[in-house]
Amino acid sequence: MATTDPGTEGGSGFVLRGVVQEKQGTRVLDGLDVTLPGGEVTALVGPSGAGKTSLLRLLNRLDDPTAGTVLFRGRPVAGYPVRELRRRVGFVFQAPVMFPGTVADNLRAAVALAGPGEAPVAADERWVAGLLESVELDPAYAPRDTEHLSGGEKQRVALARALATRPEVLLLDEPTAALDPEVAERLMSTIVRVAADSGRTVVMVTHRLAEARDFTTHTVMMEAGRLVEAGPTRALFERATHERTRAYLASA
Amino acid sequence: MLATLALAAAGDPTTLDVSWLDLGLAGALVLAAMGISAWQRLGLGRGFAIGAVRATVQLVVVGYVLVYVFAADRWWLVLLALAVMLAAAAQASTGRVGAPRRVVLPVTGTAMLVGAGLTLAYVDAVVLRPGQWYDPRYLIPLFGMIVGNAMNGAALAAERLTSEMESRRGEIEAYLALGATPARAAAEPTRRALTAALIPAVNALMVVGLVTLPGMMTGQILAGASPLLAVRYQIVVMFMLTGAVALTSALVVLGYRKRFFTAAEQLRPGGPA
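Protein chains in written order, with the working numbering: chain R, -5 to 246; chain S, 32 to 304.
Mixed in with the good hints there might be a few duds.
Claimed, not checked - So the derived label-pair ranges between C-beta atoms look like this:
#1 R:Ala241 x S:Leu136: 46 to 56 Å
#2 S:Glu197 x R:Ala116: 31 to 41 Å
#3 S:Gln163 x R:Gln18: 51 to 61 Å
#4 R:Gln18 x S:Val98: 52 to 62 Å
Stated by the list, open to error - Just so you have them, the derived chain R footprint on chain S, three or more residues with Cβ under 8 Å:
#5 197 to 207
#6 211 to 218
#7 247 to 261
Please keep in mind that the hints were generated in silico from the structure rather than gathered at the bench.
Ideal Cβ positions, reconstructed from N, Cα and C, are used throughout, including at glycine.
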């Protein structure tokens, strides 16, 4: 990669070099070289099977690659204590998993996991309310049982829970896939605002190309486990270099 | 669920003898089962025939082995007999777990060795205190019951943990992604697996004497022991089995849970290894 490398110094970005990932004998990432710049909202796009989710899962070490290196702030992710890395690099899953109990219980669980002496905040009512407001949920939701929330509300709680450890990076795996377009769009603007407020790095897998176009600053186009091209979102959508990218993005 | 080995009063003069002819007459009851199978075309007749012969041969062989072990009166021979029982039970504990035997067997085997072994040692050294610590008349039947129950507990715990870890992958990864330890991430599967293993032990305590008359107690009474003594033995046995099941299941869950995670605290994609 000849580009300047915002992943190496200062910014909380990622650099992947020669990353190969094999799952049950299939190569899902096939020698991937890519930079995910710090402080930007990056969309990972590409057809199904491109390896987008597989890539995302390497960034906070939910998986390790078969070969190659993943650098976070210029240091291999394997060099960080894994739990510390995961608290600094939050992850929101496609299908939100609620822990048993109330909305507040879910947010407090994230802090309680930090272990004694490591808890970054006092998880009091004000803190819960603040966290809920940051994801545009009414603080009145705090005592509600998560079982009775809608899909969009659950995803907002999952987002707030991921933010509870104050991560530098937020990874999102198709966070709006299960939502109605309208609900999805409102959630996206929340995510982008949360990122913009804090200068946080966001990396998001999405199949909704309009979402990538309208809400992200950087786009990475992948296909068959390889990088096709990457660059500022607007540039990529307006004049992609590769025919494959043009064809894929044209469906937006 | 309880093994049916008589504990006390072997060779009591009041015990009725069972001759080979008597055994043959008892076999008529198996013929009844075979008749029912033939009548409803269940195809179980062959199974009953082979089963009856196997049961007879196995028990007679065990009888002669026990006669030999009792007569030899050597501590190492008693321990060898216990080891064989443990090995057989450990093998059987891996059957329906839903994971490869090479993964499950070291876990359930170790848990049963420690759980059953400690329980037997406690009952022998603290509760019953026979004149000779390795008296096979106590150790072998007691260990038979302990190991049988520990085996069931181990198998239930392992089977349930396998299925809970699989069905809760999303929840477990959600915890891991927040920086949780594997133990915390798998807390709910752990609780459910342990509960599944322990509920039969609780139930057994609840219904004993009302719904079930344990085989050991029945056997002692048949062999001429006082029912009151038989009851006391049975109480010891029930408590002993409760402890053995709890200890073994807990060890299984703790040992087995680790197998689902990599050294980097990732949930293994292909299940335990």
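Verification of the hints:
1. R:Ala241 x S:Leu136: 46 to 56 Å: With Cβ atoms ~54 Å apart, the hint holds.
2. S:Glu197 x R:Ala116: 31 to 41 Å: 37 Å, holds
3. S:Gln163 x R:Gln18: 51 to 61 Å: 57 Å, holds
4. R:Gln18 x S:Val98: 52 to 62 Å: Cβ of R:Gln18 to Cβ of S:Val98: about 55 Å, so the range 52 to 62 Å holds.
5. 197 to 207: holds (count 6)
6. 211 to 218: holds (count 3)
7. 247 to 261: violated (count 0)
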